[in-house]
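**Student:** In order, the protein sequence lines correspond to chains A and B.
In terms of the working numbering, the first sequence opens at residue 174 and continues consecutively.
In terms of the working numbering, the second sequence opens at residue 174 and continues consecutively.
Hint data in this document are derived by calculation from the structure and do not stem from the laboratory.
Incorrect hints may have been included.
Pairs count within a copy or across copies, as identical chains cannot be separated in the list.
What the hints assert, rightly or not - No more than 20 Å apart at the CA atoms, straight line, and that leaves these computed lysine to aspartate or glutamate pairs for EDC-like:
(1) 292 with 232
(2) 321 with 382
(3) 318 with 296
(4) 321 with 418
(5) 377 with 429
(6) 238 with 215
(7) 318 with 389
(8) 288 with 380
(9) 288 with 395
Given next are the chains, with one letter for each unit.
Number of protein chains: 2
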Amino acid sequence: MCELLAMSANVPTDIVFSFTGLVERGGVTGPHTDGWGITFYEGKGCRTFKDPQASCQSEVANLIKRYPIKSCSVISHIRQANRGAVNLENTHPFCRQLWGRNWTFAHNGQLSGYKQKLKVSQDLPIGNTDSELAFCWLLERIKEKYPKRPNNIKTLFRYIAKCADELRQLGVFNMILSDGDYVMCYCTNNLSWITRQAPFGVAKLIDTDMVVDFSEETTPNDVVSVIATRPLTSDETWNKMQAGDWQLFRLGVPVDGRLLGNKVS
Amino acid sequence: MCELLAMSANVPTDIVFSFTGLVERGGVTGPHTDGWGITFYEGKGCRTFKDPQASCQSEVANLIKRYPIKSCSVISHIRQANRGAVNLENTHPFCRQLWGRNWTFAHNGQLSGYKQKLKVSQDLPIGNTDSELAFCWLLERIKEKYPKRPNNIKTLFRYIAKCADELRQLGVFNMILSDGDYVMCYCTNNLSWITRQAPFGVAKLIDTDMVVDFSEETTPNDVVSVIATRPLTSDETWNKMQAGDWQLFRLGVPVDGRLLGNKVS
């Protein structure tokens with residue numbers, strides 16, 4: 174199992190607080206020592222930092238903790254390998270072009286029989302993980318259905334959720350997907366999310382001794398949603414997703430989805 | 174004009190020395206203040222660090238100067254914008270998948286009439302530079318000719334050089350291209366390269382007060398080629414390329430090409 178983290182926000186926001194909690198799981202409070210990556214969007218552009226080393230020992234992860242890159246859409250992943258060797262080409266997130274935008278994907282879980290069932294012809298995987306192949310398959314399914322970007326974006330993401338339902342038939346498929354504008358998450362068994370907005374309060378990380386007072390870091394109009402494998406803070410109410418649930422965010426706001434789950438503190 | 178830098182080596186080699194010279198040109202000894210990027214291959218995987226800020230002021234560039242990431246294939250670029258706004262999506266190098274490998278591209282120069290002449294259907298640009306469009310066009314031309322990776326790699330790169338000849342008709346087209354295994358450079362007016370091998374000597378950077386004794390940094394079997402817009406060192410003999418020249422490297426060794434130019438010290 175791996176750890177996923179994503180953020181959608183209506184103003185460029187740094188993810189230092191949440192990322193600090195996440196990297197602890199990469200070898201300190203969690204066993205995920207097989208690499209990590211993080212993608213920040215800035216407009217249509219994005220940049221990915223990744224390392225096949227444990228995040229708690231990574232020079233590059235230290236940079237990200239110190240250096241508050243601000244973004245409206247962020248995807249991060251720390252890895253505990255179960256399919257594919259520990260190397261850079263197997264390190265999430267994966268990024269590909271579709272309709273002139275960068276699409277970024279990260280996966281938590283494990284699929285079976287994927288090499289037989291997920292056939293691709295153009296969007297070929299570079300590494301040999303189930304995750305990257307699932308992403309390539311998803312992109313080809315999307316392009317087949319929509320050669321051009323559809324105007325109705327909700328219809329598009331509902332179609333992506335249907336494809337994800339098929340992937341879930343092959344095993345555990347928790348996914349984060351973004352085109353920089355929208356951030357989507359899809360759950361099989363481990364995903365929670367929270368939307369923070371005024372009035373902002375104080376939160377404490379579960380994984381390390383760090384507290385943030387969001388009211389000091391934000392303006393009253395900020396809306397920030399955070400998605401993670403497990404809740405990152407101990408004193409806030411997260412939405413715990415159930416199998417087949419998915420949620421779509423834009424500019425921090427949940428805009429569509431299927432949520433059967435319960436709130437958890 | 175921008176500055177290009179690339180390396181091909183037979184053992185993972187750090188590029189700290191050459192990169193240190195390059196970043197000085199990003200706002201100190203050169204006017205290239207509109208962003209920079211660098212791609213390191215590790216096997217089939219690669220990672221790109223980029224920033225739309227001047228390299229001499231960039232936190233991330235400082236990390237790269239301190240942190241010797243070792244690689245057999247590296248491409249770097251610092252930008253002085255002439256086509257397309259200064260933002261992340263317009264920052265080189267650009268990376269796309271072809272035949273299950275990461276292909277990385279950086280361009281120095283300026284093209285005219287490119288929007289009319291370079292038509293693409295699938296590999297769409299994300300930003301709005303002439304460079305990224307030229308890369309997309311090149312990829313589509315390659316895929317059209319070779320739906321699968323050809324066995325004869327020299328034939329492939331000779332075809333790429335022919336496509337580059339066409340791009341050169343549109344203006345200045347100095348290019349670095351790599352699939353991680355091979356590194357190719359194509360010249361219109363400003364590219365030089367050097368191959369370093371035993372016996373290794375001492376070299377001094379032109380752009381900053383830094384000297385390296387390669388014999389202390391290498392083993393006798395190392396072969397390292399470096400390509401740059403202008404020679405980076407003052408006391409070595411670089412091969413200066415001429416219009417239409419191209420050179421292909423693998424594991425540090427020049428393996429094919431067309432070189433009409435003269436040696437310069």
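**Student:** Against this structure, judge whether each hint is valid.
**Tutor:** Right, here's what the structure says about each hint:
1. 292 with 232: Result: close neither inside a copy nor across copies, 37 Å intra and 42 Å inter.
2. 321 with 382: neither (47 Å within a copy, 53 Å between copies)
3. 318 with 296: both (15 Å within a copy, 17 Å between copies)
4. 321 with 418: This pair counts as neither: shortest intra-copy Cα distance 27 Å, inter-copy 39 Å.
5. 377 with 429: neither (29 Å within a copy, 59 Å between copies)
6. 238 with 215: For residue 238 and residue 215, only the intra-copy Cα distance (18 Å) is at most 20 Å; the inter-copy one is 24 Å.
7. 318 with 389: Cα proximity of residue 318 and residue 389: none, with 45 Å in one copy and 58 Å across.
8. 288 with 380: neither (36 Å within a copy, 51 Å between copies)
9. 288 with 395: Neither: 43 Å inside a copy, 39 Å across copies.
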